[in-house]
Amino acid sequence: MQSILQFPGKIIFGENTIDQLGENVVEYGNKCLLVTGQKSTRQSGALQRAVESLKEKGIESLCFSKVKGEPDCAIVDEVRALAEKEKVDFLIALGGGSALDTAKAAAGLIGQDLPTVDYLNKAPFEYKGIPFIAIPTTSGTGSEITLNSVLYNPVTGNKKSIAHPCFQARFSIVDPTLTYSMSPELTAITGMDALTHVVESYTSLKANEVTKVLALKAIKIITVNLVETVKNKNNIEGRKMMAWGSMIAGMAFAQTGVGVAHSISHPLGALFQIPHGLACAILLPVVIDYNSQVCMEKYQEIVDELGYKGEFSAYLRKMIKQLPLPQTLTEAGYKEGQEEQIVTATFDTRSIKNNPRMVEEKDVRAILEKCV
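Just so we're aligned: the sequence shown equals residues 971 to 1342 in this note's numbering.
Hints listed in this document are in silico derivations from the structure and should not be mistaken for laboratory results. For each residue, glycine too, the CB sits at the ideal point set by N, CA and C. Don't take each hint at face value.
[As the list claims (entries may be wrong)] Below are the EDC-like pairs computed for lysine to aspartate or glutamate, each with C-alpha atoms no more than 20 angstroms apart in a straight line:
id : residue 1 : residue 2
1  : Lys1340   : Asp1259
2  : Lys1291   : Glu1301
3  : Lys1027   : Glu993
4  : Lys1001   : Glu1048
5  : Lys1001   : Glu1030
6  : Lys1340   : Glu1330
7  : Lys1092   : Asp1047
8  : Lys1098   : Glu1054
9  : Lys1332   : Glu1309
10 : Lys1057   : Glu997
11 : Lys1288   : Glu1275
12 : Lys1009   : Asp1042
13 : Lys1187   : Glu1275
14 : Lys1288   : Glu1155
15 : Lys1057   : Asp1083
16 : Lys1176   : Glu1267
17 : Lys1025   : Glu997
18 : Lys1288   : Asp1274
19 : Lys1190   : Glu1281
20 : Lys1323   : Asp1333
21 : Lys1332   : Glu1310
22 : Lys1055   : Asp1083
23 : Lys1190   : Glu1179
[Said to hold, decoys possible] Derived Cβ-Cβ restraints for the label pairs, each shown as a range:
id : residue 1 : residue 2 : range
24 : Lys1092   : Phe1242   : 19 to 29 angstroms
25 : Gln1018   : Ser1153   : 15 to 25 angstroms
26 : Glu1048   : Tyr1097   : 15 to 25 angstroms
27 : Lys1027   : Thr1314   : 45 to 55 angstroms
28 : Glu997    : Pro1094   : 22 to 32 angstroms
29 : Glu1331   : Val1264   : 17 to 27 angstroms
Hey, can you work out the whole structure from these sequences and the hints?
This is how it looks when you write it as structure tokens:
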């Protein structure tokens, strides 16, 4: 048996570790670009804490705060242009998955001649970029661990992943205090994103003994803590455990990839603006039912770990009903009539190749029908 694992060079986890930012990035240079969302990091004070920590070590910081919703190739091009114009030494992403995916793609593609969309469409490139530092403010995407960036492709009208070893963060800070301001809905959505990552990692065709240990641990952490953390915004221990579980989930699925729930969720986000984690929450129990034909034993291992007497999909449905989320795709904004576009886009993802059960077009249609 051979297992090859690849993680960021350094990860610091713990409360208030954002205040250690400056001392940990001084080796990368004295000028950086902070990539954030439009409001939340300012309102929560996270941006100010980051800037002050950098300033203490003599590091000049500029801020790009235009990231919103699902990131696209154009926003990455903007960040690349600004970083090159200002001659920054490294990029720091502070925010949710959109900010992190934007910054990691920009950092990796700096110095390239073509627009980002060309590389999303698999144009080859030789790395000339700059270091990328990740500081997530949500607990769900695992983007601080992974080497891929999920972007909206304006050519195809779909979300697609671009991956390269150079996209992986040189250094990550996972500070649970940065998640304290998350709303119950956002906590639920990002938590279900993390859970879907790790369930699909556990059953992935690329799973190995190391990733299975990580995945099973993360599944238990997330399922035990998600509902109570959503119900009680001031559940500090729950916030810490969700951040921990999401990070471990990232470690697992960064090695194994995910599966068909993620493959279908991307076009749902692109076509109907359904938040990624919400689409995953609706799809996951149905996908588990579909995959049970070939991996019932693995699902049994999960429920045994959770101490649940019953099927895993039933456990999840019961849990998800306690979350403040739409329970069907229709409630989430899905409209019939674009099924064939969804099917085509689903098969244009790498994730579907990792699914434990072979998926055909008719299977995607059936999964969608059961989620509507």
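Hint by hint, here is what the structure shows:
no. : hint                                  : in the structure
1   : Lys1340 x Asp1259                     : 11 angstroms, holds
2   : Lys1291 x Glu1301                     : 14 angstroms, holds
3   : Lys1027 x Glu993                      : 7 angstroms, holds
4   : Lys1001 x Glu1048                     : 18 angstroms, holds
5   : Lys1001 x Glu1030                     : 5 angstroms, holds
6   : Lys1340 x Glu1330                     : 16 angstroms, holds
7   : Lys1092 x Asp1047                     : 16 angstroms, holds
8   : Lys1098 x Glu1054                     : 12 angstroms, holds
9   : Lys1332 x Glu1309                     : 11 angstroms, holds
10  : Lys1057 x Glu997                      : 16 angstroms, holds
11  : Lys1288 x Glu1275                     : 17 angstroms, holds
12  : Lys1009 x Asp1042                     : 19 angstroms, holds
13  : Lys1187 x Glu1275                     : 9 angstroms, holds
14  : Lys1288 x Glu1155                     : 17 angstroms, holds
15  : Lys1057 x Asp1083                     : 16 angstroms, holds
16  : Lys1176 x Glu1267                     : 17 angstroms, holds
17  : Lys1025 x Glu997                      : 14 angstroms, holds
18  : Lys1288 x Asp1274                     : 17 angstroms, holds
19  : Lys1190 x Glu1281                     : 15 angstroms, holds
20  : Lys1323 x Asp1333                     : 14 angstroms, holds
21  : Lys1332 x Glu1310                     : 10 angstroms, holds
22  : Lys1055 x Asp1083                     : 14 angstroms, holds
23  : Lys1190 x Glu1179                     : 17 angstroms, holds
24  : Lys1092 x Phe1242: 19 to 29 angstroms : 26 angstroms, holds
25  : Gln1018 x Ser1153: 15 to 25 angstroms : 21 angstroms, holds
26  : Glu1048 x Tyr1097: 15 to 25 angstroms : 21 angstroms, holds
27  : Lys1027 x Thr1314: 45 to 55 angstroms : 49 angstroms, holds
28  : Glu997 x Pro1094: 22 to 32 angstroms  : 30 angstroms, holds
29  : Glu1331 x Val1264: 17 to 27 angstroms : 18 angstroms, holds
Going down the numbered hints, you'll see the structure goes against none, and every one checks out.
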